[in-house]
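Q: Residue numbers (the working numbering), protein chains in the order written: chain P, 1 to 113; chain X, 1001 to 1118.
It is worth saying that the hints were derived from the structure and are not from the lab.
Idealized CB from N, CA, C, for every residue including glycine.
Estimated spans, in silico, between C-beta atoms of each pair: (1) Lys26/P to Lys1018/X: 38 to 46 Å; (2) Ser1065/X to Thr77/P: 43 to 51 Å; (3) Ser1062/X to Gly59/P: 42 to 50 Å; (4) Ser51/P to Met1015/X: 41 to 49 Å; (5) Thr67/P to Lys1018/X: 43 to 51 Å.
Covered by chain X, according to a simulated footprint, are these stretches of chain P (three or more residues, beta-carbon under 8 Å): (6) 42-56; (7) 104-112.
Residue-level listing of the chains:
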Amino acid sequence: SQQGEEDPQALSIQEGENATMNCSYKTSINNLQWYRQNSGRGLVHLILIRSNEREKHSGRLRVTLDTSKKSSSLLITASRAADTASYFCATEGYGGSQGNLIFGKGTKLSVKP
Amino acid sequence: DTEVTQTPKHLVMGMTNKKSLKCEQHMGHRAMYWYKQKAKKPPELMFVYSYEKLSINESVPSRFSPECPNSSLLNLHLHALQPEDSALYLCASSQYQRGGALGSDTQYFGPGTRLTVL
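Generate the whole structure from the sequences, applying the supplied hints.
A: Take a look at the structure:
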């Protein structure tokens, strides 16, 4: 299975602190994506990083990808209470796996004001 | 319009009922997806349509029947469901240029339909 595995499963921080979430996967990927989900609602796409990229930034988000270690990290800087949500990494493979996003188990982030 | 809409938001049905979930997007996307998400679990892919044709069926039981009547609409017909089918059903769409790589672009998700099977 190429399912991503995030750690930690839960993370609680104070507003203003940085939050780092990690994702590991098992097989070769075409790209890796990070999504946010507020409780019981739809997913919001945060960032997509392709297998030939090592780092991407979007606002307060920084994503890294290490294909040799089959791992990725999501850094949220200067966190806000509104960042409280579950964060999922999702991997997409090649060939017959294209279009098939495999989601990790997620990290539940709680940012306290 | 960058929104994927889903109706209804909530649905309660008995095991003998027939119901349908609807999904709509007006972003000109040519790939649409159904996912199932159980509580405290990640979403799991059910079906993918590309250019209105079913391209991926992740071995979903026949009591779930997808339909893509046109490029903007995606339905999921439900019949004879079981209580364990209770979940959040999410629809998504992505651009997918023909000749390109399906799925190698952002998927936009709707808010989901919360389904309860009694």
